[in-house]
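These protein sequence lines map, in sequence, to chains F and H.
Going letter by letter, the first sequence gives residues 1 to 149 in my numbering.
Going letter by letter, the second sequence gives residues 1 to 184 in my numbering.
You may find that some hints are simply not true.
[To be verified] EDC-like, lysine to aspartate or glutamate: derived pairs with alpha carbons at most 20 Å apart: (1) K112/F to D48/F; (2) K109/H to E77/F; (3) K112/F to E72/F; (4) K143/H to E119/H; (5) K34/F to E125/F; (6) K61/F to E147/F; (7) K98/H to E144/F; (8) K97/H to D75/F; (9) K109/H to E147/F; (10) K97/H to E72/F; (11) K40/F to D56/F; (12) K98/H to E125/F; (13) K62/F to E115/F; (14) K176/H to E119/H; (15) K62/F to D48/F; (16) K122/H to E125/F; (17) K140/F to E66/F; (18) K76/H to E121/H; (19) K37/F to D48/F; (20) K112/F to E136/F; (21) K92/F to E121/H; (22) K37/F to E144/F; (23) K122/H to D75/F; (24) K76/H to E115/F; (25) K86/F to E115/F; (26) K109/H to E115/F; (27) K86/F to E119/H; (28) K127/H to E125/F; (29) K179/H to E113/H; (30) K55/F to E136/F; (31) K76/H to D56/F; (32) K40/F to E125/F; (33) K98/H to E147/F; (34) K97/H to E172/H; (35) K62/F to E147/F; (36) K86/F to E121/H; (37) K112/F to D106/H; (38) K179/H to E147/F.
Worth flagging that the hints you see were computed from the coordinates, not collected in a lab.
Chain residues, written in single-letter form:
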Amino acid sequence: MSHKIRFVSLLALLMATTVSMSQAKEKNAPPSQKIAKGSKVFIAPIADGYETYLKDAIASKKVPVEVVANREQADYEITGTAESQKAGAAKKIIMGNWHSREEASITLSNIKSGEVVWAYSVHEESSTHGKRSSAESCAKHLKEAIEKE
Amino acid sequence: MSITISRALILAALVICGSMTPISWSQTNDNSTAAPTTAANNTETAKLPASDLKPASSDEGQLATVKNARIPSYAKVYFAPMAGGFENYIIAGLRNKKVPLVVVVDRTKAEYEISGVSESEKAGWAKMLFIGSQNSNEQASIKIADLKTGAVIFGYSVHKTNSVRGRQSAGEACAKHIKQIVLE
Chain F
1 MSHKIRFVSL LALLMATTVS MSQAKEKNAP PSQKIAKGSK VFIAPIADGY ETYLKDAIAS
61 KKVPVEVVAN REQADYEITG TAESQKAGAA KKIIMGNWHS REEASITLSN IKSGEVVWAY
121 SVHEESSTHG KRSSAESCAK HLKEAIEKE
Chain H
1 MSITISRALI LAALVICGSM TPISWSQTND NSTAAPTTAA NNTETAKLPA SDLKPASSDE
61 GQLATVKNAR IPSYAKVYFA PMAGGFENYI IAGLRNKKVP LVVVVDRTKA EYEISGVSES
121 EKAGWAKMLF IGSQNSNEQA SIKIADLKTG AVIFGYSVHK TNSVRGRQSA GEACAKHIKQ
181 IVLE
């Protein structure tokens, strides 16, 4: 009888441990951050119309995604911020530099899951082609992220 | 007699099982359950006063954690909007520094919230003329709050004079120090 009780107790202990370990494993599992080729992407409005540069850059860098104008149709959404500072008189006279200073940061989030799957920031102290350069940098790295998967 | 022994054995088994349970409990995405989902330290920190903030060693800026609080890996984190969209730079920094956290855009799905302020000061003519530097000065301060308990478990501030990469540098500095409190 006592053997039976011990056996049942050990079995209960083993089951409880297994369940708790499997739950812990589930919680710590990393999320899938794969961006499928041909996904539909919506670009949310960014300061100073930066989304226009981004759309153009995605097309020129041949990023394998489809940009859509309607958020409801999209699988992913790109949001972000951008700042451009034209070269002032001091920069031109003292530093001899006419180029603008560009900063941008974008995030790509899965609309269904609400998780950010990719993010990138760029800083160009003297950007030759202004916003276009920084947008193309974002697009280039997005393409790398998609093709890497 | 045998019933008493069996009860004792089952009780012992449950106690051992409880002690073997990992730090994080299972969780659901809904807010309806009251089960603790975060590190055990975090629940303790909710009752602690602000004076328990302890500075940790840091190369740049000031970092403080409450009783060595830790965030479980792949915990869901929400970024509150910051001035100038600085939250985007931190998110990019998290990815760059390979911080094992899941950033969500919906606050209700998150376990932690990161909020803060940032300021960027561009180089003026005097700085360019006398120092010969056109880099900006960056400063930012962030805090991480446990959304279940409401306790602030982590705080960090960074100040960069002549930041070569502007806000990107400050964002990456924040991400690097967030990584220090994430359990891997």
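Against the structure, the hints:
1. With a C-alpha separation of about 28 Å, the suggested pair K112/F and D48/F falls outside the 20 Å cut-off, and the hint is violated.
2. Proposed proximity of K109/H and E77/F is supported: the alpha carbons are some 18 Å apart, at most 20 Å.
3. For the hint pairing K112/F with E72/F, the CA-to-CA distance comes to about 10 Å; that is within 20 Å, so the pair holds.
4. Simply put, K143/H and E119/H have alpha-carbon atoms about 15 Å apart, close enough for the 20 Å limit, and the pair holds.
5. For a cut-off of 20 Å, the pair hint linking K34/F to E125/F is broken: about 32 Å separates their Cα positions.
6. At roughly 13 Å between alpha-carbon atoms, K61/F and E147/F fall within 20 Å of each other, so this suggested pair holds.
7. Note on K98/H and E144/F: the hinted pairing holds, with a Cα-Cα distance of about 17 Å set against a maximum of 20 Å.
8. In summary, the hint linking K97/H to D75/F is not supported, as the alpha carbons are separated by about 26 Å, beyond the 20 Å threshold.
9. For the hint linking K109/H to E147/F, the alpha-carbon distance of about 29 Å lies beyond 20 Å, and the restraint is violated.
10. Proximity of K97/H to E72/F is assessed by CA-CA distance (about 32 Å); at most 20 Å being required, the pair is judged violated.
11. Between the alpha carbons of K40/F and D56/F the distance comes to roughly 16 Å, so the proposed pair stays at or under 20 Å and holds.
12. Distance restraint check for K98/H and E125/F: the Cα-Cα separation of roughly 25 Å exceeds the 20 Å cut-off, and the hinted pair is therefore not satisfied.
13. For the given pair, K62/F sits about 25 Å from E115/F by alpha-carbon distance, which is inconsistent with the 20 Å threshold.
14. The suggested pairing of K176/H with E119/H holds, with an alpha-carbon distance near 19 Å, which does not exceed 20 Å.
15. Restraint check: the Cα-Cα separation between K62/F and D48/F comes to about 24 Å, which exceeds 20 Å; the hinted pair is violated.
16. For the proposed pair K122/H and E125/F, the alpha carbon gap of about 11 Å is at most 20 Å, so the pair holds.
17. Among the hinted pairs, K140/F with E66/F is consistent with the structure: their alpha-carbon atoms are about 15 Å apart, no more than 20 Å.
18. Taking the CA atoms of K76/H and E121/H, the gap is about 32 Å. The hint is violated against a cut of 20 Å.
19. Proximity of K37/F to D48/F is assessed by CA-CA distance (about 29 Å); at most 20 Å being required, the pair is judged violated.
20. Distance hint between K112/F and E136/F is unfulfilled; the C-alpha atoms sit about 27 Å from each other, more than 20 Å.
21. Proximity of K92/F to E121/H is assessed by CA-CA distance (about 19 Å); at most 20 Å being required, the pair is judged to hold.
22. For the proposed pair K37/F and E144/F, the alpha carbon gap of about 11 Å is at most 20 Å, so the pair holds.
23. A C-alpha spacing of about 37 Å is found between K122/H and D75/F, which places the hinted pair above 20 Å, so the restraint is violated.
24. Pair hint K76/H plus E115/F holds up; C-alpha atoms about 9 Å apart against a cutoff of 20 Å.
25. Our distance criterion of 20 Å between C-alpha atoms is broken by K86/F and E115/F, whose separation comes to about 35 Å.
26. Of the pairs offered as hints, the one joining K109/H and E115/F holds, with about 10 Å between alpha carbons and a cut-off of 20 Å not exceeded.
27. Distance hint between K86/F and E119/H is fulfilled; the C-alpha atoms sit about 19 Å from each other, no more than 20 Å.
28. About 15 Å separates the Cα atoms of K127/H and E125/F, which keeps this hinted pair within 20 Å; it holds.
29. Our distance criterion of 20 Å between C-alpha atoms is met by K179/H and E113/H, whose separation comes to about 15 Å.
30. Restraint check for K55/F and E136/F: satisfied, since their Cα atoms lie roughly 9 Å apart, inside the 20 Å limit.
31. Among the hinted pairs, K76/H with D56/F is inconsistent with the structure: their alpha-carbon atoms are about 33 Å apart, more than 20 Å.
32. For a cut-off of 20 Å, the pair hint linking K40/F to E125/F is broken: about 32 Å separates their Cα positions.
33. For the suggested pair K98/H and E147/F, the alpha carbons sit about 19 Å apart, so the restraint of at most 20 Å is met.
34. In summary, the hint linking K97/H to E172/H is supported, as the alpha carbons are separated by about 7 Å, within the 20 Å threshold.
35. For the suggested pair K62/F and E147/F, the alpha carbons sit about 11 Å apart, so the restraint of at most 20 Å is met.
36. Only pairs whose Cα atoms come within 20 Å are accepted, and K86/F paired with E121/H is accepted, the gap being roughly 15 Å.
37. For the hint pairing K112/F with D106/H, the CA-to-CA distance comes to about 11 Å; that is within 20 Å, so the pair holds.
38. A distance of roughly 27 Å separates the Cα atoms of K179/H and E147/F; the hinted pair therefore is violated under the 20 Å criterion.
The structure fails hints 1, 5, 8, 9, 10, 12, 13, 15, 18, 19, 20, 23, 25, 31, 32, 38 (numbered hints given earlier, in ascending order).
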